[in-house]
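The primary structure of each chain is shown beneath.
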Amino acid sequence: DAGVTQSPTHLIKTRGQHVTLRCSPISGHKSVSWYQQVLGQGPQFIFQYYEKEERGRGNFPDRFSARQFPNYSSELNVNALLLGDSALYLCASSLGQGSTDTQYFGPGTRLTVL
Amino acid sequence: DAKTTQPNSMESNEEEPVHLPCNHSTISGTDYIHWYRQLPSQGPEYVIHGLTSNVNNRMASLAIAEDRKSSTLILHRATLRDAAVYYCIPIPWTGTASKLTFGTGTRLQVTL
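One line per chain: the protein sequences are A and B, in this order. Be aware that the first sequence starts at 1, since it is given in the working numbering, and climbs by one per residue. Be aware that the second sequence starts at 1001, since it is given in the working numbering, and climbs by one per residue.
Treat each hint with caution, since some may be false.
[Unchecked claim] Simulated crosslink set (DSBU-like; lysine-lysine; CA at most 35 Å straight-line):
| # | chain 1 | residue 1 | chain 2 | residue 2 |
| --- | --- | --- | --- | --- |
| 1 | B | LYS1099 | A | LYS52 |
| 2 | B | LYS1099 | A | LYS30 |
| 3 | B | LYS1003 | A | LYS52 |
| 4 | B | LYS1099 | B | LYS1069 |
| 5 | B | LYS1099 | A | LYS13 |
| 6 | B | LYS1003 | B | LYS1099 |
| 7 | A | LYS52 | A | LYS13 |
| 8 | B | LYS1069 | A | LYS30 |
| 9 | A | LYS30 | A | LYS13 |
| 10 | A | LYS30 | B | LYS1003 |
| 11 | B | LYS1003 | B | LYS1069 |
| 12 | A | LYS30 | A | LYS52 |
To be clear, the hints were calculated from the coordinates, so they are not data collected in a lab. All of these numbers come straight from a predicted model, not from anything done at the bench.
Please build the complete structure, drawing on both the sequences and the hints.
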């Protein structure tokens, strides 16, 4: 079975631009979460979506937004890019069954902002 | 959320057991303890989780202290493929594992 897929793999943008990152969850998974991982640090939670509704938001500015589609795939949008947005963006999917749920992560999208 | 403390790095020889400690002294009585690892250039992957008693699966064992203020992830025979950053993450029983709070983790180096 296919795991979590993310596109694109790498992306280079300039400051002030907008970016859209995409994630396809494992078949049957209804929960998608997004994380930002800056070099040398652990991933930081950005958003969780479950059944197309936002269920959690981390400490990120309003420039970050996301949505989940009827097929449970998800997009992460970042507006007005800053140099500090350069990071690995990870998507994780799961069944969404509470505190014992297993998260399955994709390989990530490496975003570089120049 | 409970805070965790892990060594920044550890080293092991291949085919020897590795014990990765995690201190979570502020954990509540109903927090699950999850472990994830992140291999180089990959997303994190689930390793194991537990609540009170010791847990085993095909990847590792999890030993939880009786007072639950610490736990140890045990890799019984380390291989080069086990070189990764290991994170221990407490998750409240009433919470969701879809919002993981990663710390800095322990970078495990495995040598021949």
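### Message
For each hint given before, does the structure comply? Return the numbers of the non-compliant ones in rising order.
### Response
none
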